[in-house]
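Please work from the sequences and hints to get the whole structure.
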Amino acid sequence: MSESKLLHVEVWRGAAEGKFQSFDVPRREHQTVLDVVTQIQREQDATLSYRFACRVGMCGSCAMVVNGRPRWTCRTRVSTAVKADGRLRLEPLKNFTVVKDLAVEMTDFFDKNRDAKGYFEPHKSWQDLSQRQFEIVPPASPQRQAADAGIECIGCGVCHSACDVVAWNEDYLGPAALNRAWTLVNDVRDGGQEARLGAISGSAGCHACHTHMNCTQFCPKGIAPTYSIAGLKRAMVSRALGRSAR
Amino acid sequence: MTAALFIAQRLSAAVLAFAVTVHLATILYAVRTGLTAEEVLGRTRENVWFLAFYLLFVLAIAIHAPIGLRNIAREWTNWRGRSLDVALAIVAVVLLLLGVRAALAVYLPIAMYLR
Ligand code: SF4
Ligand code: SF4
Ligand code: FES
Chain E
7 MSESKLLHVE
17 VWRGAAEGKF
27 QSFDVPRREH
37 QTVLDVVTQI
47 QREQDATLSY
57 RFACRVGMCG
67 SCAMVVNGRP
77 RWTCRTRVST
87 AVKADGRLRL
97 EPLKNFTVVK
107 DLAVEMTDFF
117 DKNRDAKGYF
127 EPHKSWQDLS
137 QRQFEIVPPA
147 SPQRQAADAG
157 IECIGCGVCH
167 SACDVVAWNE
177 DYLGPAALNR
187 AWTLVNDVRD
197 GGQEARLGAI
207 SGSAGCHACH
217 THMNCTQFCP
227 KGIAPTYSIA
237 GLKRAMVSRA
247 LGRSAR
Chain F
25 MTAALFIAQR
35 LSAAVLAFAV
45 TVHLATILYA
55 VRTGLTAEEV
65 LGRTRENVWF
75 LAFYLLFVLA
85 IAIHAPIGLR
95 NIAREWTNWR
105 GRSLDVALAI
115 VAVVLLLLGV
125 RAALAVYLPI
135 AMYLR
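Chains E and F are the protein sequences, given in the same order. Residues in the first sequence are numbered from 7 upward in steps of one, following our numbering. Residues in the second sequence are numbered from 25 upward in steps of one, following our numbering.
These are computed hints drawn from the structure, not numbers from a lab. Watch out, some of these pointers could steer you wrong.
To be verified - Selected chain E positions facing chain F (in silico; Cβ < 8 Å):
no., residue
1, Trp174
2, Gly208
3, His213
4, Met242
5, Ala246
Stated by the list, open to error - Going by beta-carbon spacing under 10 Å, a handful of chain E positions derived as facing chain F:
no., residue
6, Val171
7, Asn175
8, Ser207
9, Ser209
10, Gly211
11, Cys212
12, Ala214
13, His216
14, Lys239
15, Val243
16, Arg245
17, Leu247
18, Arg249
Ideal placement from N, C-alpha and C gives every residue a C-beta, glycine not left out.
Here it is in structure tokens:
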């Protein structure tokens, strides 16, 4: 591909209110969407705000809406994202408050991990040093496998941006936090299940999911939060039935 | 509470999947074989199986529909809390009463329904 070709890019400027600004960026082979944004910021308009760190799909900071779809921009090639007319339209993630241009406020999103009790809680017995022992988790056990399926989340917010239920109900814990909770439900070393299942059973919890699968379709890590949420629904039902039987 | 509603919603959906199928099949049968109202009532009156089936059907509707409406209201409007729950409890009772009345109407041997 010749380097003289230009790519027409429209970039969101502003916050909740704003408008698109047009740029022409030299087209390069194997160019990523993040390369395009960086070219604009370095060569054309230093006031453009965006976020990235690792550039290799590990940190989860570079997600944006690219031609209407949420994507990790450092690992999205321009060639897979552009429409037939060769245009590229870049917007901040949906369902997040825009700080400026392509950078969004992630605090509420990360707080939902906490609200879903998406963190490891050691068993009570671990507080007694003499009781501590090495806990063996066989890699082939169903629980370990279920946790494995969801553990590689990089917290990019792509699923959160893709989920309509998040758009309808800002309290909804969302696919990422619920997926995280599900990995911990399957952690046999964890002692905080009662509180966790309580947290995900509330009115903003797993039952609100419509099984749209948007999250699963767009997750760049190939995680299926939809299935994790289905698992949580089963766990919630078992807990509720277990309670009434007791 | 949420978990209980979720379970009630799923269980009633399972009942409805069965009941709606039977209900539609029965309607098709009655229409296609050209049964008169009198013939239909001849089969439904004092038929406890028929009554039991429709009471179950009505109960499933009265559980399923309000929970679904509650979810829709909570997603599409700002209506939450006690007033919403009370309003939908009323919907449930109304559905139940109307449904039971309809089932009894074709079950009870009351001549006035034959006019
Ligand atoms: S499957 Fe559930 S969490 Fe995922 S996008 Fe759909 S509603 Fe949201
Ligand atoms: S589940 Fe996937 S899309 Fe959602 S935050 Fe994690 S890596 Fe990103
Ligand atoms: S920059 Fe780290 S995931 Fe894209």
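So, going through the hints one by one against the coordinates:
Evaluation of the Trp174 of chain E hint against chain F yields a held restraint, the C-beta minimum of about 4 Å falling below 8 Å. Checking Gly208 of chain E against chain F by beta carbon gives a least distance of about 6 Å; that is within 8 Å, so the hint holds. At its closest, the beta carbon of His213 of chain E sits 4 Å from a beta carbon of chain F; the interface hint therefore holds under the 8 Å criterion. For Met242 of chain E, the interface hint holds, the least distance from its beta-carbon to any beta-carbon of chain F being 5 Å, beneath 8 Å.
Given hint, Ala246 of chain E at the interface with chain F, holds; its Cβ is 4 Å from that chain's nearest Cβ, closer than 8 Å. Nearest Cβ of chain F to the Cβ of Val171 of chain E: about 7 Å, under the 10 Å cut. The hint holds. Here the hint on Asn175 of chain E is kept, as its CB sits about 6 Å from the closest CB of chain F, short of 10 Å. The interface hint given for Ser207 of chain E is met, as the beta carbon of that residue sits about 5 Å from the closest beta carbon of chain F, less than 10 Å.
Because the closest C-beta pair between Ser209 of chain E and chain F is about 5 Å apart, less than 10 Å, the hint holds. A hinted interface residue such as Gly211 of chain E counts as satisfied when its beta carbon comes closer than 10 Å to some beta carbon of chain F; here the least separation is about 7 Å, so the hint holds. Among the interface hints, the one on Cys212 of chain E holds; its C-beta lies about 9 Å from the nearest C-beta in chain F, closer than the 10 Å criterion. Checking Ala214 of chain E against chain F: minimum C-beta separation of about 8 Å stays under 10 Å; hint holds.
For His216 of chain E, the suggested interface contact is upheld, since its CB lies about 9 Å from the closest CB of chain F, less than 10 Å. The interface hint given for Lys239 of chain E holds, since its Cβ lies 7 Å from the closest Cβ of chain F, which is under the 10 Å cut-off. Interface hint at Val243 of chain E: satisfied, since its Cβ lies 6 Å from the closest Cβ of chain F, which is below the 10 Å cut-off. With a cut of 10 Å, the hint placing Arg245 of chain E at the interface with chain F holds, because the nearest CB-to-CB distance is about 7 Å.
Contact between Leu247 of chain E and chain F, as hinted, is supported at the beta carbon level, the nearest pair being about 7 Å apart and thus within 10 Å. Annotation: interface hint on Arg249 of chain E holds; nearest CB of chain F at approximately 9 Å, less than 10 Å.
In this structure, every one of the numbered hints holds.
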